[in-house]
Amino acid sequence: MNGPKPEKVYFYGTCLVDLFFPDAGMAGIQLLRQAGVEVIFPEGQTCCGQPAFNCGYWEEAREVARTQVALFPGDLPVILPSGSCAGMMKIHYPELFHGQPDEAQVLAFSARVHELTQFLVDVLDVKLTDLGEPVKVTWHSSCHAVRDLGLKGEPQALINQLSNVELAPLAREFECCGFGGTFAVRHPGISAAMADDKAADAMATGASIVLSTDGGCLLNVQGTLEAKHRPLRVQHIAEFLWERTRGR
Amino acid sequence: MSDARAAILGRLRASGEPGPLPSPLPALDTAVLERCQWPPAERVARLRKGMEAVHTEFLDATPDTWPNLVRAFCDREELKNLLYGPTSEDGAVLTATWLPDGTQLMPYDRPVEAFKRELFTGVDAGFTGTVGGVAETGGLLLTPGPAEPRLLSLVPPIHIALLRTSTIQDSFWSAVQTLGWGRSLPPNALLISGPSKTADIEQTLAYGVHGPRRLIVVLVDDLA
Amino acid sequence: MDAETAASFRDSAARALSDPQLRANFQRAMDGLMTKRLAQFPDPGDLRDLRHLSTTIRSRSLLRLPELLEQLEVNCTKNGIQVHWAESCEQANELILGILQSKGAKTLVKGKSMVSEEMHLNAFLEGHGIEALESDLGEYIIQLDGETPSHIIMPALHKNKEQIARQFSQKIKDAKYTEDVDELTALARKVLRQKFLEADAGLSGVNFAVAETGTLCLVENEGNGRMSTHVPPLHIAVMGLEKVVPRLEDVAPLYAILTRSATGQAVSTYLNLISGPRGEGEMDGPQEVHLVILDNGRSRIHADPQLRATLRCIRCGACMNHCPVYTRVGGHAYEAVYPGPIGQILTPQMEGVGARHDLIHASSLCGACAEVCPVEIPIPAILIRLRREATHEDVASKVTGKGTGRTVSEDWAWRLWAAVLKRPAVYRLATWFATRFGKALPASAPLIRNWTQSRTKPVPARRSLSERMRAEGDTHV
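Chains as they are written, first to last, in this note's numbering: chain B, 1 to 248; chain Z, 1 to 224; chain X, 1 to 477.
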């Protein structure tokens with residue numbers, strides 16, 4: 001993926017970031033700008049269509065996906081602050097549009113999709129300067145970021161650039177937190193058991209923040225920790241990186 | 001039920017996809033199997049390490065000493081008898097060298113139906129040869145047959161197996177090729193890596209659940 | 001939604017979740033199995049290559065399935081193994097009963113066979129006055145309690161030694177109570193050795209069948225498989241029709257990856273290669289060997305190029321060992337012969353997606369199963385495919401029960417979802433409301449209630465990202 005650094009990129013906020021973690025979205029945009037890249041945020045963004053796709057409602061997923069693909073003409077990279085949504089657009093859109101009249105157009109779009117930390121490390125090769133106080137954090141790997149998209153430690157590499165941040169390993173780091181989209185409401189008991197274990201593992205690290213690339217995992221773990229009145233908080237990686245490097 | 005056969009094969013063919021396969025198919029990439037290669041001495045060490053890890057015991061022998069070592073083992077363990085195949089090459093050596101007192105040599109020379117109960121209840125140990133070993137994981141290769149019946153290595157609580165170091169292959173994959181097993185096989189062929197074991201109760205290993213409780217490999221060094 | 005069946009996984013899972021002992025039994029076992037598996041693959045490159053080779057062998061075998069089965073039949077027959085074909089479990093059961101009755105057999109000892117579980121063979125034979133005794137220690141333990149396996153490799157995984165000790169002391173004659181695993185094992189050995197000695201027939205499954213040599217390969221640690229196949233005068237093997245591979249060389253990598261994936265062993269205690277009954281001059285071994293090849297829906301699965309990947313499975317159980325759902329609810333919660341991720345795609349294909357669509361939704365699609373599968377079965381992708389099949393009748397496929405998992409409410413929910421999300425103006429309005437009034441939504445509202453039973457209510461931000469970007473004049477229309 002290394003080549004000339006692009007001057008401009010598109011930013012796709014994703015519905016969960018849009019509604020629940022707008023600060024993370026803003027931070028992602030700032031991180032890209034800090035790296036010298038102009039960011040375009042097209043109006044009309046809604047959802048990548050993953051929930052319907054995963055539940056088998058592909059026609060509905062396609063209807064929504066089409067409107068989203070149309071927002072990103074040209075050949076600029078499309079950056080997402082989410083491993084799961086990036087995985088949907090990059091890996092699953094080609095399946096979803098297989099045999100459709102606009103397949104070629106969608107394939108070309110999918111090839112331009114990047115998850116934010118992957119883009120910061122692999123394409124922009126950013127160097128971060130830590131301006132924050134010493135802190136201990138832990139990392140939850142989102143299933144889709146790792147298994148669909150193939151993230152290979154890019155977020156951790158960024159965290160490790162921060163001199164005042166200690167990254168504590170999370171037991172069962174790669175185990176699902178139990179979110180799984182509609183799974184959390186279809187099977188609340190199992191989902192809760194998974195989230196409880198994730199919260200307990202996170203508490204055991206002694207960290208004060210759990211970081212992740214994905215809004216779904218963050219909502220799930222945050223809600224679980226709050227329900228148990230645990231002092232540990234969750235934060236999107238983009239927001240954390242921006243807070244550490246912008247200098248207040 | 002030839003109807004069932006025709007119906008099943010018909011359905012499998014009717015799927016019709018993906019049409020005739022390219023012939024010949026591109027060769028399988030077996031590099032990962034070919035990487036398992038070691039010099040002879042290392043094969044011996046690997047086999048031993050692999051098998052000892054699952055409680056196999058070893059007796060070091062030479063082409064001359066092995067019959068005495070087998071005998072000494074039987075005496076030490078105070079075995080009342082040792083079941084063996086008298087017509088096998090190694091069996092004939094045992095017959096010729098066995099001293100009459102102490103552990104009795106018991107020939108497996110009649111159909112099992114003639115002494116099934118005795119086999120299950122009255123035999124202390126069984127002796128077999130091997131046709132090779134597997135270095136990669138540890139393991140013995142056996143081809144039971146008329147000279148060495150199948151149950152010799154299964155029913156008695158102790159199995160004593162003779163393994164010549166020169167016959168140890170790199171892997172099961174290379175053994176299949178070297179021994180020609182891929183072309184034709186006797187009615188029974190076996191890989192054995194240790195005594196019978198189970199972990200069905202709380203993943204706790206227990207040895208000797210159905211087959212032999214102990215596997216003794218008499219390792220004959222004939223590499224020199 | 002078919003309420004009766006749809007409830008089955010949910011209810012059983014809820015029961016399992018409220019049983020801390022069960023949870024602990026599974027958690028301990030799965031943690032150990034995952035660690036042991038990983039230790040067997042120290043080199044990621046070797047693992048990748050071995051998986052790829054194994055996948056290729058299985059895929060190619062499935063592409064040539066009819067020819068390979070015919071070749072297997074020819075070579076088995078040449079070797080003296082009698083081959084039978086069964087379209088359904090009922091047919092297979094009748095075939096086996098017929099063989100047993102023709103020999104006057106009254107007792108059958110069984111090596112571990114998941115296909116025989118699929119056939120519910122034991123109950124069928126008992127109904128015809130034939131004792132079918134499981135001899136794999138785990139299978140024996142659960143048969144004593146009239147239970148079914150909770151794992152395809154370790155069937156008694158759900159029980160701890162105290163439970164087994166109690167059961168043995170009550171059900172085995174003259175057995176004293178002991179929690180010592182060696183003593184419990186010795187107790188079973190004593191009982192079962194007597195059974196092997198007396199049995200009229202033995203039954204086994206088949207891990208791999210080799211077409212070119214007419215060979216049945218059995219992988220095991222205990223020796224009960226060898227006992228069942230070599231001691232009684234009659235041996236009957238049952239296999240699903242997908243188990244065939246072309247050559248014995250092909251078995252080597254599959255065997256290597258099977259034991260490593262299943263229990264984290266480099267090699268099993270025994271690999272038993274059976275190519276015929278007692279031969280000329282042999283003193284032991286069965287006088288007759290029969291092979292029953294079972295379809296039971298497999299040829300239908302085979303007909304679909306995507307679903308066919310399901311048949312690559314070599315039954316290692318690694319998908320279960322790594323599944324966060326399986327680990328928490330255990331195998332019985334699935335109420336299926338094959339539990340865990342592979343069961344979640346196999347069972348609905350055999351029994352119908354409408355009847356078992358509870359199983360296809362019991363997954364967070366985390367992908368841990370596909371990541372460890374030794375033959376690269378894309379389980380999450382197949383789950384999504386089956387979710388599609390369950391809710392749509394118009395997909396051109398042969399999948400049983402397609403469309404029968406459809407509900408009017410879910411249909412409308414997704415229609416509404418799409419109607420909002422494909423119209424940015426409507427979405428903008430909806431998020432405007434959510435950000436202003438989302439906080440006021442009661443935590444006890446339907447669906448939200450499912451979330452908030454263990455979590456705080458998610459509260460939308462005061463202003464959405466789009467709204468803020470718009471305010472900054474940064475959006476491009």
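Hints were generated in silico from the structure; no laboratory data involved. A virtual CB, placed ideally from N, CA and C, is assigned to each residue, including glycine. Mixed in with the good hints, there may be bad ones.
What the hints assert, rightly or not - Take a look, some chain X residues computed to stay more than 10 Å from chain B by CB distance:
1. H52
2. P66
3. E70
4. E117
5. R455
6. E467
As the list claims (entries may be wrong) - With a straight-line cut-off of 16 Å between C-alpha atoms, the simulated EDC-like cross-links for lysine to aspartate or glutamate are:
7. X/K457 x B/E226
8. X/K106 x X/E87
9. B/K152 x B/D125
10. B/K8 x B/D75
11. B/K152 x X/E179
12. X/K190 x X/E212
13. X/K171 x X/E198
14. X/K161 x X/D182
15. B/K152 x B/D122
16. X/K439 x X/D411
17. Z/K116 x X/D200
18. X/K422 x B/E63
19. B/K127 x B/E243
20. Z/K116 x X/E198
21. B/K5 x B/D122
22. X/K422 x B/E43
23. B/K136 x B/E166
24. X/K398 x X/D304
25. X/K103 x X/D394
26. X/K195 x Z/D64
27. B/K136 x B/D201
28. X/K422 x B/D125
29. X/K457 x X/E467
30. X/K195 x X/E288
Do the hints match the structure? See the list:
For X/H52, the condition that its CB be more than 10 Å from all CB atoms of chain B holds, with the nearest at approximately 16 Å. Residue-level check passed: X/P66 sits 28 Å from the nearest beta carbon of chain B, beyond 10 Å. The Cβ of X/E70 sits about 34 Å from the closest Cβ of chain B, beyond the 10 Å cut-off, so the non-interface label holds. With a closest Cβ-Cβ approach of about 25 Å to chain B, X/E117 is found to remain outside the 10 Å limit, as its non-interface label requires.
Distance to chain B contradicts X/R455 as a non-interface residue, since its nearest Cβ pair spans about 3 Å, not more than 10 Å. The non-interface label for X/E467 is inconsistent with chain B: the shortest C-beta to C-beta separation is roughly 8 Å, within 10 Å. Straight-line distance between C-alpha atoms of X/K457 and B/E226 comes to about 9 Å, which keeps the hinted pair within the 16 Å bound. At roughly 25 Å between alpha-carbon atoms, X/K106 and X/E87 are farther apart than 16 Å, so this suggested pair is violated.
Between B/K152 and B/D125 the CA atoms are separated by roughly 15 Å; this keeps the pair inside 16 Å, and the hint holds. Under the criterion of a C-alpha separation no larger than 16 Å, the hint pairing B/K8 with B/D75 is consistent with the structure, at around 10 Å. Simply put, B/K152 and X/E179 have alpha-carbon atoms about 46 Å apart, too far for the 16 Å limit, and the pair is violated. The hinted pair formed by X/K190 and X/E212 fails the criterion: a straight-line CA distance of about 39 Å is larger than 16 Å.
For the given pair, X/K171 sits about 20 Å from X/E198 by alpha-carbon distance, which is inconsistent with the 16 Å threshold. Under the criterion of a C-alpha separation no larger than 16 Å, the hint pairing X/K161 with X/D182 is consistent with the structure, at around 11 Å. Restraint check for B/K152 and B/D122: satisfied, since their Cα atoms lie roughly 10 Å apart, inside the 16 Å limit. For the suggested pair X/K439 and X/D411, the alpha carbons sit about 27 Å apart, so the restraint of at most 16 Å is broken.
Pair hint Z/K116 plus X/D200 holds up; C-alpha atoms about 13 Å apart against a cutoff of 16 Å. Distance hint between X/K422 and B/E63 is fulfilled; the C-alpha atoms sit about 7 Å from each other, no more than 16 Å. Proximity of B/K127 to B/E243 is assessed by CA-CA distance (about 15 Å); at most 16 Å being required, the pair is judged to hold. Our distance criterion of 16 Å between C-alpha atoms is met by Z/K116 and X/E198, whose separation comes to about 9 Å.
Distance restraint check for B/K5 and B/D122: the Cα-Cα separation of roughly 10 Å lies within the 16 Å cut-off, and the hinted pair is therefore satisfied. At roughly 13 Å between alpha-carbon atoms, X/K422 and B/E43 fall within 16 Å of each other, so this suggested pair holds. At most 16 Å may separate the alpha-carbon atoms for a hinted pair to count; B/K136 and B/E166 meet this at roughly 5 Å. At most 16 Å may separate the alpha-carbon atoms for a hinted pair to count; X/K398 and X/D304 meet this at roughly 8 Å.
Our distance criterion of 16 Å between C-alpha atoms is broken by X/K103 and X/D394, whose separation comes to about 50 Å. Between X/K195 and Z/D64 the CA atoms are separated by roughly 42 Å; this puts the pair beyond 16 Å, and the hint is violated. Using a Cα cut-off of 16 Å, the hinted pair B/K136 and B/D201 holds, with the two alpha carbons roughly 15 Å apart. For the given pair, X/K422 sits about 35 Å from B/D125 by alpha-carbon distance, which is inconsistent with the 16 Å threshold.
Taking the CA atoms of X/K457 and X/E467, the gap is near 22 Å; set against the 16 Å cutoff, the hint is violated. The suggested pairing of X/K195 with X/E288 is violated, with an alpha-carbon distance near 19 Å, which exceeds 16 Å.
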